[in-house]
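Colleague: Line by line, the protein sequences are chains A and B.
Numbered per this note's numbering, the first sequence finishes at 363, counting up by one with no gaps.
Numbered per this note's numbering, the second sequence finishes at 609, counting up by one with no gaps.
Check the hints yourself; a few may be wrong.
Claimed, not checked - Chain A residues, not near chain B, derived (Cβ > 10 Å throughout):
no., residue
1, Trp142
2, Leu146
3, Met168
4, Met204
5, Ile254
6, Ser284
7, Tyr359
Claimed, not checked - What the simulated footprint calls covered on chain B by chain A, stretch by stretch (three residues with Cβ under 8 Å from a Cβ of chain A suffice, anywhere in the stretch; the number is not a length):
no., region
8, 421 to 434
9, 442 to 453
10, 476 to 482
11, 497 to 506
Said to hold, decoys possible - Derived CB-CB ranges, DEER-like:
no., chain 1, residue 1, chain 2, residue 2, range
12, B, Asp479, A, Asn338, 49 to 55 Å
13, B, Phe292, A, Pro169, 43 to 49 Å
14, B, Met203, A, Ile212, 58 to 64 Å
15, B, His165, A, Pro169, 41 to 47 Å
16, A, Leu69, B, Asp479, 44 to 50 Å
Please keep in mind that the hints were generated in silico from the structure rather than gathered at the bench.
None of the values given here were measured: they were computed from a predicted structure.
Glycine included, each C-beta is placed from N, C-alpha and C at the ideal position.
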Amino acid sequence: MSEYKLKSKKYHGGFKSLIKDWMIGFLFVALFAICCLNSNFRTTTNIMNVFRQASFVAIIAMGEFFVILIGEMDMSIASTIGMVSIFFASFTVNRGYPIWLSFLLVIGMAAIVGVVNGLLVVYGKMPSFIGTLVVLNMLKGINYIFSDGLPISGLPDSFGQMALGKLGVIPFAVILMVVVAVILYIFTSHTAVGRSFYAVGGNKEASKLSGINVNKIALLAFVMCGILSAIGALGLTSKTQSGNVTLGDSLLFDVMTICVLGGTSLTGGRGRVVGIVIGALFLQVITNIMVLMGINTYWQWVVKGIILVSVVLIDSYSKKD
Amino acid sequence: MALAVKEGANRMSDMKADITPLIQVKNCTMEFPGVKALSGVDFTLLPGECHALVGENGAGKSTLSKCITGENHMTEGELFVKGEQIKISSYGIKESQSRGIAIVHQEFALMGDMTGVENIFVGRYESNFGFVDWKALDKHAQELMNVLKCDVNLHVPIKNLRTAERQIIQLAKALLDDPQIVILDELTAVLQEKDILNIFRIIGTLKEKGIGIIYISHRLDEVFKCCDSYTVLCDGRYINSGRVSDIDYNQLVKMIIGRELANIYPQLNENVGDVILEVRNLTAPKAFRDINLQVRAGEVVGLAGLLGAGKTELVQAIFGNHKIISGEVLVKGKAIHVKKPFQAIKLGMGLVPDERRTLGLNMKFDIKDNTTLPSMKRFKKMSIFQDHKAESMAAFEINNKMRLSYYSLWQNVKKLSGGNQQKIVIAKWMLRDTEIFLLDEPTRGIDIGAKFEIYNLIHELTMKNKAVILVSPEMEELIGLCNRIYIMYEGAITDVVEGDRKTQEVIINNLLGVNVR
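Given only the sequences and the hints, what does the whole structure look like? Please build it.
Modeller: This is how it looks when you write it as structure tokens:
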């Protein structure tokens with residue numbers, strides 16, 4: 043028994059690996075502290091705003107997280123977000139469906155997009171980059187055909203509460219993100235199916251020979267990506283109070299950056315849900331401080347690019363030993 | 093026997109007197125951390141001879157040839173190339189190449205999408221004002237082919253060529269620098285009879301040019317067909333060398349096996365039960381055909397065969413990981429239809445695949461996660477959540493039973509030794525109620541001590557009435573461990589040996605398809 047205790051003790055490879063595992067966490071704390079020097083940043087309203095804005099993108103990134111975890115990539119989320127936004131608005135405003143029904147319908151549609159991605163990649167054996175890129179473009183076409191590219195406004199105020207409502211000082215959006223993150227954390231580390239994502243991403247063949255239904259897990263990853271993107275997209279739609287096909291166009295880059303910042307291995311098999319949350323906050327704090335400092339959008343893109351490249355470089359060098 | 097050794101050695105030294113040997117290795121010792129791969133080996137290669145280097149797997153043939161090419165640095169001993177002593181410390185592949193040593197490996201080091209010409213000259217395109225001069229290269233390549241007297245299409249991507257043709261391109265590539273010493277490392281292992289004869293003819297051509305050839309092969313009959321002299325290694329020790337014409341087949345086999353087979357292997361379990369696994373007329377295109385076999389509870393059934401005989405495909409097919417077109421698999425008398433490994437696992441099968449690092453283990457996982465991967469679903473609380481504590485407890489117990497040496501369950505499996513890694517691959521099936529163990533080369537690339545532990549594990553499995561199918565390239569291992577051995581030749585079972593017929597001779601003859609023709 044005592045030997046069991048010794049060998050099952052969680053060990054960490056000392057200070058160095060602690061830093062490595064939590065690098066993004068430390069960086070975030072440091073960044074946050076520095077930003078607090080700015081008097082416009084450190085107001086409660088602003089900080090809650092940052093958290094609110096990070097929430098929905100974080101939920102979308104958690105969807106992408108599952109696909110990256112199995113070693114694939116989902117490029118189609120930008121169009122999925124646009125689809126969810128425009129169809130939700132159309133169902134609710136033009137057809138007068140109750141909100142809950144529109145909700146279910148668009149989430150179902152996003153799940154179907156996930157299934158299509160999964161079928162192309164898993165059963166069609168397409169590289170996920172190509173398979174989902176095709177879906178990205180076709181779906182974009184469908185969105186525009188459906189809406190003529192025009193936004194649909196006039197969503198009920200009650201729906202806006204999803205993004206703008208608060209419980210005390212804490213926005214609903216943040217509560218939603220925390221709930222989703224906790225559920226996904228429990229799913230990934232405390233269920234057999236959740237652990238299987240890591241196994242498949244770590245070594246597909248070995249997982250198959252160990253009795254994991256690899257195709258099912260991969261399909262599930264794409265479906266989860268679709269559903270979580272839909273939830274995030276609904277939040278973003280709620281914020282603007284209108285359905286818009288272009289809603290997701292600039293998000294793909296942010297989502298990928300968040301996943302990488304959060305320590306998800308792009309080759310699969312490694313990553314944590316909490317990393318995604320921190321990654322999303324990190325990116326949003328940087329964006330916010332740049333806005334407060336009056337840096338324009340184009341420079342923001344450049345800075346975000348530099349951040350992504352630096353993180354990837356640090357990661358690949360630290361792995362070399 | 094001792095006398096014969098001496099005579100052979102004398103004769104060798106007589107010959108050395110008048111000709112300068114191309115290669116002379118004296119008292120070579122090669123140590124890897126923890127393992128002595130070679131100890132006190134002597135080796136001499138004369139010009140214009142084909143010298144067979146024979147011995148079992150792990151006897152040190154490859155290590156010795158790597159010492160000669162400079163890939164390994166021998167720990168002790170001297171190396172002479174064409175009479176000149178080599179400074180071992182600074183010796184490397186570059187120097188060995190410039191001194192005229194070339195090696196042709198069994199594994200293909202070719203680019204499948206490039207043509208023969210491109211493959212031969214890759215890395216050394218002769219340029220003409222910065223452009224590749226394809227005409228000159230074509231001409232040069234054709235000259236090489238003329239020397240070899242072979243007609244291979246050099247202008248199609250080589251993935252479209254037959255295995256034998258690709259081997260010839262490898263050979264041509266090695267001959268590019270006009271080497272005087274050519275090492276052929278199991279060149280014929282995957283070739284068919286007709287192509288092997290062609291290789292023999294090429295060897296003859298090379299010999300006429302005064303080139304010395306070191307010929308490494310498992311097929312002992314080839315030694316008698318194309319080699320002039322031989323050196324036998326066993327467990328890293330030098331056993332004997334001499335002229336091939338002075339010995340016969342049986343003498344050579346005895347030298348190679350060296351020690352008695354007894355004691356290494358645990359006692360066979362004779363108390364076997366009912367048939368657990370049965371295979372009827374199983375056929376998969378391009379892999380195997382009409383396979384019939386039975387495995388009883390408590391029995392170890394061996395599968396012998398050369399590379400490409402279809403052994404791995406067969407166990408993979410039983411496990412649901414290789415497509416079959418006809419035939420059936422029965423577990424406990426009931427026909428089963430598995431299309432995916434997880435279905436086979438539910439029926440009580442467990443596969444230890446031949447590629448431990450890429451198929452057996454998840455290198456990104458720790459010991460605990462690797463051990464419990466197939467049985468995750470058994471450790472649940474409230475029927476959905478994983479019971480991590482019960483899981484690690486079970487992983488701890490099974491790994492202790494396997495005498496795994498490790499310091500933490502959360503340790504990554506990457507840095508464990510091969511033997512320890514293999515124990516985990518076996519342990520993960522022992523955690524489930526696996527009844528049929530499919531072991532595909534479980535002792536590949538692990539040291540002798542770990543091998544014995546694996547042998548004992550197999551024995552323990554049979555004592556618990558488990559059925560075991562064992563695939564192994566080592567005949568000795570099969571003979572020592574198996575109740576029955578099915579021998580496969582080019583995708584078909586040619587013979588089943590048990591009892592008195594379970595000898596190396598019978599198996600070797602079958603392996604080579606002697607009984608087929």
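Colleague: Hint by hint, say whether it matches the structure.
Modeller: Quick rundown of the hints versus the structure:
no. : hint                            : verdict
1   : Trp142                          : holds (26 Å)
2   : Leu146                          : holds (24 Å)
3   : Met168                          : holds (20 Å)
4   : Met204                          : holds (29 Å)
5   : Ile254                          : violated (7 Å)
6   : Ser284                          : holds (40 Å)
7   : Tyr359                          : holds (19 Å)
8   : 421 to 434                      : holds (count 3)
9   : 442 to 453                      : holds (count 6)
10  : 476 to 482                      : holds (count 4)
11  : 497 to 506                      : holds (count 5)
12  : B:Asp479 x A:Asn338: 49 to 55 Å : holds (54 Å)
13  : B:Phe292 x A:Pro169: 43 to 49 Å : holds (45 Å)
14  : B:Met203 x A:Ile212: 58 to 64 Å : holds (59 Å)
15  : B:His165 x A:Pro169: 41 to 47 Å : holds (43 Å)
16  : A:Leu69 x B:Asp479: 44 to 50 Å  : violated (35 Å)
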